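Student: Below are the chains, spelled out letter by letter.
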Amino acid sequence: MSPAGIPSGQATLERGLNAFREVIDAPVASFFSSCVHCGLCAQACLFYTETGDAKYTPIRKLEPLRRVWQQEYTLLGRVQKLLGLAKPVTDAELEEWSPLVYDSCSMCGRCSMVCPVGNDITLMIRRMREGMAASGHAPEGLIEATSRAVESGSPAGVKWATVQAQIKRMTTQFGIEIPVNRQGVDYLVLMSSWEILNYPEYLGAVGKIMKQAGATWTLCDHAYEATNSGIQIGASDLARVLVGRIVAAAEELKVKCVISPECGHAYSAIRWEGPNLMGRKFGFEVKHILEVLDDFRSSGRLKLKGTLDKPLTYHDPCQISRRGGVYEQPRTLLHDFAPQFKEMSDAGVMNWCCGGGGGVSANERAEPLRFIAFKRKKAQLEELGVKTMVTACANCRVVMEEALEHYHMDIELLGLTELVAEHLEHDNEVAS
Amino acid sequence: MEHLALLTFVRGPALDWSLGLCAAGIILRLFETLGLGRKADLAKPRDDGPGSGWQTIFTRSIPPAGMFRRDPLTYVAGYVFHFGLLATIVLFVPHIEVIRGVFGVSWPGLPGPLVDVLTVASLVALILLLVHRFYSPVKRLLSGIDDYLSWVLTFLPLLTGYLAFHHLLLEYTLMLAVHIISVELLLVILPFTKLFHSVSLWFSRWYNGDINARKGVAS
Amino acid sequence: MAQSKHTNTLPRTVGEGLARRGVSRREFLQFCTTLASMMALPPAMAQTLAQAISKARRQSVIWLSFQECTGCTESLTRSHSPTLENLIFDLISLDYHHTLQAASATAAEEAREQAMKDNFGKYLLVVDGSVPMANPGYSTIAGISNVDMLVETAKGAAAIVAVGSCAAFGGLPKAKPNPTGAVAISDIIHDKPIINVSGCPPIPVVMTGVLAHFLTFGEIPELDPLGRPKAFYGETIHDHCYRRPFYDQGKFAETFDDAGARDGWCLYKLGCKGPVTYNACATLKWNDGTSFPIQSGHPCLGCSEPNFWDAGRFYQAVSMPITPVEGLAGAAAAAGAVAGVAVTWHNRSKKAQAKSAHVTLGVQDLKK
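Residue numbers (my numbering), protein chains in the order written: chain A, 3 to 434; chain B, 834 to 1052; chain C, 91 to 458.
Next comes chain A alone, as it looks inside the complex (with noise of 0.2 angstroms):
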């Protein structure tokens, strides 16, 4: 369907214009009606931080959108558009705006935890991708990880070939059963793309566990990837087709829980956006695997036995403790096995972004930003003088491990699910 004036198969300018109109509320304009240009949001991004480039203030991200609110939404704009006063979104500025949008913003949330008028800037950064998307001006990777995902189901082109693989070695590995298209159970697990590749203990230890807790879980042959490539671009019809693939399933095997696995925007794409991609509320639950261990260990169905007696730390994934409100969890488990875990500065809902959220980390042209950017958490880290590092988040893992191997930092990164799952008491553990 093209409405006249419309070419279907092309990105225009006027479909991001579209876009940008669509995407503005009530919250959005009040923002915007709001900001008074302090520049505190600036000192609370990484990306500005780490750089001094005035350029990477957060809300001068939003420039464009801002306008098209003002001209389109105002009276005021208005007035100053007809009177020739305005100055219109082109092409060019949008194509200016890609890096500001794309590659300096890992939509970590930070910005809007600031701000002193209580502008959600990220949620605004959003917003305006679906236009940015919708004009053309996403960045190359991420375009292309996106097409990947839509049409084979990972953006990595991750294949289920390649899950049974790993599917058998953890088995043997384990000696646990890794069910597959089971219904009517407990969980249905999903993974990321970089769980699959390379760290696939995750999956292991998920078994481990909940064959300690004597939960009921399954994977799914068509719908084992929990990434999701559209929120990342901001593109809401494609971000809707990946997640209808979870809900599709779920539904299908008639769950009562999906568990977002180590990944921050998955969490974010099925637990808080899913709904209302699809336009109605899910008849199962959605938790993130840190939430499940978490219900075990209250339960009194996670036994864990075993100390990690070395001085190590948290890392807070940006979509899962300040965006997700898993903050608690990850500390409750750590404490109960890690006597020696110490706190970064400024830990938990205002922890510091690895750098590579967002897509981010798909985005080749972003690269050197990136590094740039992990300062922030090298400086955390040389601050607090610990050689450990535990997170949930496989992103940050792949993120943070390439960062310290540039900056030559002789540091242990550790996935939290992977490190539970080795202080389980339990009895039949087949040696590797």
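Because the hints were derived from the structure by calculation, they are not lab data. Every value quoted in this text rests on a predicted model; they were computed, and no experiment measured them. Hints are supplied without guarantee of correctness; some may be wrong.
Said to hold, decoys possible - Straight-line alpha carbon distances no greater than 30 angstroms define the calculated DSSO-like cross-link-like pairs of lysine-lysine that follow:
1. Lys1048/B <-> Lys344/A
2. Lys161/A <-> Lys441/C
3. Lys458/C <-> Lys161/A
4. Lys207/C <-> Lys283/A
5. Lys380/A <-> Lys877/B
6. Lys161/A <-> Lys872/B
7. Lys89/A <-> Lys440/C
8. Lys83/A <-> Lys445/C
9. Lys458/C <-> Lys89/A
10. Lys877/B <-> Lys213/A
11. Lys877/B <-> Lys283/A
12. Lys282/C <-> Lys207/C
13. Lys440/C <-> Lys458/C
14. Lys457/C <-> Lys57/A
15. Lys89/A <-> Lys457/C
16. Lys445/C <-> Lys89/A
17. Lys458/C <-> Lys83/A
18. Lys207/C <-> Lys1048/B
19. Lys1048/B <-> Lys289/A
20. Lys83/A <-> Lys877/B
21. Lys305/A <-> Lys1048/B
22. Lys440/C <-> Lys872/B
23. Lys282/C <-> Lys266/C
24. Lys441/C <-> Lys89/A
25. Lys258/A <-> Lys1048/B
26. Lys258/A <-> Lys877/B
27. Lys266/C <-> Lys872/B
28. Lys877/B <-> Lys445/C
29. Lys440/C <-> Lys283/A
30. Lys212/C <-> Lys266/C
31. Lys1048/B <-> Lys380/A
32. Lys258/A <-> Lys872/B
33. Lys389/A <-> Lys377/A
34. Lys872/B <-> Lys256/A
35. Lys441/C <-> Lys877/B
36. Lys441/C <-> Lys83/A
37. Lys1048/B <-> Lys445/C
Given chain A, work out where chains B and C should sit, using these hints.
Tutor: Just chains B and C now, with coordinates in the frame of chain A:
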């Protein structure tokens, strides 16, 4: 124009028009902003978590951990200016009388010399903020006509009020009239500049708090 | 006009007249010293003043009364209990004054015309009351309208003293809606020096001071932008008010009989116009320095200022809005709401339009 006649005019029709235009402007902008509405959030909220829209309305006035030392000038001068401005407006007896004339409510005020000190502090804070706006690359890049106009409109009432109280610059009756005119200008233009944040920030903070509280985060 | 009881002949000079009334030289000199300091003249001037006043003779004064209440005359001449000021005034040969003169009807008008002829170019014209211009018939004397009499009499005047706020600025008759079209003397006469001795009524010694200055120097004293003698109208009541410390401390009487009022607190909240009123009441006071309104517990009305009847209510503080705003608030809110609804309707339909213009994005649409 004769000074007392000018004063009578600014206390009379001019004040009526500016209050009226300000009120009408604020209501128009509220409709314009909130009228767009927001879609219901279909994701299941966390109901056991900390935070709420109402809470953020208040807590957002406190700088989050680690932020103060990154820009102490903006925070301190911002607090001094806002507090000083509010205090001079609502705790100075001649102003309380205006409020009583418009709204019918009143309350006790501070001694004149204390209001004086607060006024000077606010003026100094405003000047520091303006200088910072020129010199800070972040602020300079963000700033435009709206920021500078708003600064002038806010600075003048404080300055002219101070001058009137101390019988400086112009003959008293005229100085008082100029002071009231400067306030009237501020009132009329407020809804259409960033000064509207005085009304909209409560909504912004509420939205922010609400969005995050649903996820279990106190923002 | 009051006549000396002692002799049938009029005293030739003011000094002679004063002596006849039993005013000692020392008393008189003391008065002139005080007067000199009130007018901010050097102390040495006291002697000069004394001499000039003593020697003053037949300084013809014609007093015209127009739309007035006679309060100014009462204040200045105090015919029922004369003071030194009154005496001096008395002795300046008041050739024409409605209230004080013995003559009436044509005899009175003849006296005026004669005085004008005899002293053409040298007499002082004192006027109280405003002049109605809407219809000259509103106020006439012997069939002559105020404006006609003023214009005619002003022709030979050396200077004009507009006594009282009515003559100086229009006063009470000029208050909205000004049905008589009342105007000030200075709105009609533009070619003679005019001294505005405003006040409702003015303080007696101000009049004396002006007269004394004129007699001594032959010219009018220094005036402020509104034509009032700076010596008396240079500062506000507020500047010299003895209750000023209470204002500074924020101690205000809320009602006329509350504890604050009884303790003599500032009357700002009760509507005192002291801050915007230029007069000498706070220092010279009234009735020989007995008291003045604020001291008696009543807020200053601002009676020496133009249009003080229309400058907000008397019991409403200077900073309060003049017109009630309730009705206005309703109208403004309604206007804003109407505009707001219109804008909202427009915004929402624009957004709906954008939504319907939305073409579902496929991966092929991510590139240009």
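Student: For a C-alpha distance cap of 30 angstroms, please report whether lysine 380/A and lysine 877/B respect it.
Tutor: Violated, because 36 angstroms separates the two Cα atoms, which is more than 30 angstroms.
Student: If you draw a straight line from the CA of lysine 89/A to the CA of lysine 440/C, is it 30 angstroms or shorter?
Tutor: holds (20 angstroms)
Student: Lysine 445/C and lysine 89/A were given as a pair; does the straight-line alpha-carbon distance stay at or below 30 angstroms?
Tutor: With Cα atoms ~24 angstroms apart, lysine 445/C and lysine 89/A stay inside 30 angstroms; holds.
Student: Is it true that the CA of lysine 305/A sits at most 30 angstroms from the CA of lysine 1048/B?
Tutor: holds (28 angstroms)
Student: Do the alpha carbons of lysine 441/C and lysine 89/A lie within 30 angstroms of each other, as the hint requires?
Tutor: holds (21 angstroms)
Student: Holds or violated: are the alpha carbons of lysine 207/C and lysine 283/A at most 30 angstroms from each other?
Tutor: This hinted pair is violated, its Cα atoms lying about 106 angstroms apart.
Student: What's the verdict on lysine 440/C and lysine 872/B, does the C-alpha distance respect the 30 angstroms limit or exceed it?
Tutor: Holds, at about 16 angstroms.
Student: Taken at face value, is the distance from the CA of lysine 377/A to the CA of lysine 389/A at most 30 angstroms?
Tutor: Roughly 16 angstroms separates the two Cα atoms, so the pair holds.
Student: Between lysine 457/C and lysine 57/A, is the straight-line Cα distance small enough, at 30 angstroms or below?
Tutor: With Cα atoms ~26 angstroms apart, lysine 457/C and lysine 57/A stay inside 30 angstroms; holds.
Student: Against the 30 angstroms threshold, does the CA-CA distance of lysine 1048/B and lysine 344/A hold or violate the hint?
Tutor: holds (26 angstroms)
Student: Are the Cα positions of lysine 212/C and lysine 266/C separated by 30 angstroms at most?
Tutor: Not satisfied, since the Cα-Cα distance of roughly 37 angstroms exceeds 30 angstroms.
Student: Is it true that the CA of lysine 1048/B sits at most 30 angstroms from the CA of lysine 289/A?
Tutor: holds (12 angstroms)
Hint check: violations occur at hints 2, 4, 5, 6, 18, 20, 27, 30; the rest are consistent with the structure.
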